[in-house]
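Asks: Each step along the sequence shown adds one to the number in the working numbering, with nothing skipped, and position 301 is 538.
Accuracy of the hints is not assured; some may be wrong.
Unchecked claim - Distance condition first, Cα-Cα at most 25 Å in a straight line; then the derived BS3-like pairs of lysine-lysine: (1) Lys575 x Lys563; (2) Lys549 x Lys427; (3) Lys258 x Lys427; (4) Lys436 x Lys249; (5) Lys423 x Lys551; (6) Lys423 x Lys436; (7) Lys550 x Lys427; (8) Lys432 x Lys277; (9) Lys563 x Lys549; (10) Lys249 x Lys432; (11) Lys549 x Lys575; (12) Lys249 x Lys368; (13) Lys563 x Lys551; (14) Lys277 x Lys258; (15) Lys427 x Lys575; (16) Lys388 x Lys258; (17) Lys550 x Lys563; (18) Lys289 x Lys277; (19) Lys427 x Lys563; (20) Lys550 x Lys423; (21) Lys368 x Lys258; (22) Lys289 x Lys423; (23) Lys289 x Lys549; (24) Lys551 x Lys432; (25) Lys550 x Lys436; (26) Lys289 x Lys388; (27) Lys277 x Lys388; (28) Lys423 x Lys563.
Claimed, not checked - With beta-carbon atoms standing in for the labels, derived distance ranges: (29) Asn257 x Asp434: 14 to 22 Å; (30) Glu376 x Ser572: 37 to 45 Å; (31) Lys423 x Asn360: 53 to 61 Å; (32) Arg431 x Arg397: 35 to 43 Å.
Derived by calculation from the structure, the hints in this document are not laboratory data.
Ideal Cβ positions, reconstructed from N, Cα and C, are used throughout, including at glycine.
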Amino acid sequence: MASEDPTKVSIKLLIDQESNKVIVAEAGSDIVDILRSLLKFPLGNIARLIGKHQYLQRAGCLNNLYNSVENLNLTSFRTDALGTVAYKDESEGESMFFITDDLRVMHGLPGDLMNILLNLGINNVCQIEEKVVDISSNEMSNILSYSLFSKATLTDVFLRKQSTKLVQQSMLVAPNVKERTEKDSKTRVKIMLRKSDRKILYGEASEDFVDLLFSFLTIPLEVALELLGGKGNLTVGSISNLFNDLDTIYSITKQNSYLNGVLPPFYSCPIELPSICSQHPTKIFHSSYGYLKQLDPKSPILNETNSSGYFKKKSLFVITDDLVVKSLSSVSSFSLLKETGTPLCDVEQQVISIGEVEALALLRACLCSSSALSALLNL
């Protein structure tokens with residue numbers, strides 16, 4: 238429902254007073270349009286939002302990956318052009334929607350509410366409280382942040398109740414992608430594995446692998462969800478519900494060319510996720526200064542027009558299981574072993590090749606696990 242103040246939007250919550258939990262929310266098309274726009278956020282922007290919530294920082298690895306960009310020495314980068322993608326869809330006309338606590342979105346009429354409550358097992362209407370709340374950009378960013386990890390997103394955001402349904406780990410199942418072929422781009426990661434419990438302590442890799450990790454930050458959330466299979470393939474939080482229902486309402490996967498993996502020019506890297514590529518840049522165009530051409534901002538070479546990676550060649554990095562990335566040195570490797578208290582005789586080295594299947598598993602793990610590298614052992 239819309240607020241009388243045209244500069245604000247509001248939502249009506251139906252709250253179970255006994256459990257202090259949101260049962261369902263009634264919203265107008267303005268709220269649903271805003272939720273739709275949230276799916277266009279690049280993962281790097283979402284990581285920055287998650288970083289504002291200490292309670293969420295320990296879930297997933299996006300925040301660690303984002304902070305690693307901030308903390309790495311600039312001398313490791315080819316240029317300082319590692320940025321994020323900023324992407325108008327609107328629902329048709331004024332409509333009413335019902336949104337459940339786990340972000341199921343349904344078209345509805347006032348009379349449909351009774352069936353929704355019955356389907357949710359609510360019989361006693363006397364225990365239901367109605368509450369209208371104004372929605373600011375802060376609440377919307379909180380909805381987006383919590384939707385990645387919580388099965389009770391509306392309760393967590395509006396009732397300030399940190400839900401016991403916050404999921405910090407999920408079963409990591411390999412995404413459905415085509416079989417590996419000899420043509421798949423590959424890079425390698427050397428992992429240090431603790432033999433006693435099969436836990437990955439850290440990995441060592443060149444710039445190709447870290448380019449791949451940091452390229453995740455440029456991908457819009459809706460593209461990531463589609464790459465991971467969309468329909469329920471991300472088994473953590475409420476975000477899959479939101480994506481699937483808004484896909485039904487807006488036909489996202491049919492109308493949005495970005496879900497074909499086409500990102501703006503120069504956002505691709507040599508090692509890519511399957512079906513991800515950049516638009517071809519405008520080769521040449523005329524201006525008052527004469528003829529101009531677009532150049533790759535990631536490249537220090539002024540005449541380079543081909544997309545390239547973020548880091549200098551032959552750079553080496555150490556990557557923890559929760560995707561903290563640091564420049565590789567004997568000190569950083571030794572300090573990681575010392576922190577874990579692992580005897581050298583309990584450490585085993587393995588080399589893992591990274592192709593399409595592994596890259597998608599890492600992307601999924603960034604969103605729903607605090608042990609991302611360990612996802613590679615389950616493939």
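Asks: Could you run down the list of hints and mark each one as holding or not?
Replies: For each hint, the structure was consulted:
{"no.": "1", "hint": "Lys575 x Lys563", "result": "16 Å, holds"}
{"no.": "2", "hint": "Lys549 x Lys427", "result": "19 Å, holds"}
{"no.": "3", "hint": "Lys258 x Lys427", "result": "46 Å, violated"}
{"no.": "4", "hint": "Lys436 x Lys249", "result": "46 Å, violated"}
{"no.": "5", "hint": "Lys423 x Lys551", "result": "16 Å, holds"}
{"no.": "6", "hint": "Lys423 x Lys436", "result": "24 Å, holds"}
{"no.": "7", "hint": "Lys550 x Lys427", "result": "18 Å, holds"}
{"no.": "8", "hint": "Lys432 x Lys277", "result": "42 Å, violated"}
{"no.": "9", "hint": "Lys563 x Lys549", "result": "14 Å, holds"}
{"no.": "10", "hint": "Lys249 x Lys432", "result": "53 Å, violated"}
{"no.": "11", "hint": "Lys549 x Lys575", "result": "29 Å, violated"}
{"no.": "12", "hint": "Lys249 x Lys368", "result": "6 Å, holds"}
{"no.": "13", "hint": "Lys563 x Lys551", "result": "15 Å, holds"}
{"no.": "14", "hint": "Lys277 x Lys258", "result": "28 Å, violated"}
{"no.": "15", "hint": "Lys427 x Lys575", "result": "18 Å, holds"}
{"no.": "16", "hint": "Lys388 x Lys258", "result": "12 Å, holds"}
{"no.": "17", "hint": "Lys550 x Lys563", "result": "16 Å, holds"}
{"no.": "18", "hint": "Lys289 x Lys277", "result": "20 Å, holds"}
{"no.": "19", "hint": "Lys427 x Lys563", "result": "15 Å, holds"}
{"no.": "20", "hint": "Lys550 x Lys423", "result": "16 Å, holds"}
{"no.": "21", "hint": "Lys368 x Lys258", "result": "12 Å, holds"}
{"no.": "22", "hint": "Lys289 x Lys423", "result": "35 Å, violated"}
{"no.": "23", "hint": "Lys289 x Lys549", "result": "31 Å, violated"}
{"no.": "24", "hint": "Lys551 x Lys432", "result": "30 Å, violated"}
{"no.": "25", "hint": "Lys550 x Lys436", "result": "30 Å, violated"}
{"no.": "26", "hint": "Lys289 x Lys388", "result": "20 Å, holds"}
{"no.": "27", "hint": "Lys277 x Lys388", "result": "21 Å, holds"}
{"no.": "28", "hint": "Lys423 x Lys563", "result": "22 Å, holds"}
{"no.": "29", "hint": "Asn257 x Asp434: 14 to 22 Å", "result": "39 Å, violated"}
{"no.": "30", "hint": "Glu376 x Ser572: 37 to 45 Å", "result": "41 Å, holds"}
{"no.": "31", "hint": "Lys423 x Asn360: 53 to 61 Å", "result": "57 Å, holds"}
{"no.": "32", "hint": "Arg431 x Arg397: 35 to 43 Å", "result": "39 Å, holds"}
Checked against the numbered hints above, the structure violates hints 3, 4, 8, 10, 11, 14, 22, 23, 24, 25, 29; every other hint is satisfied.
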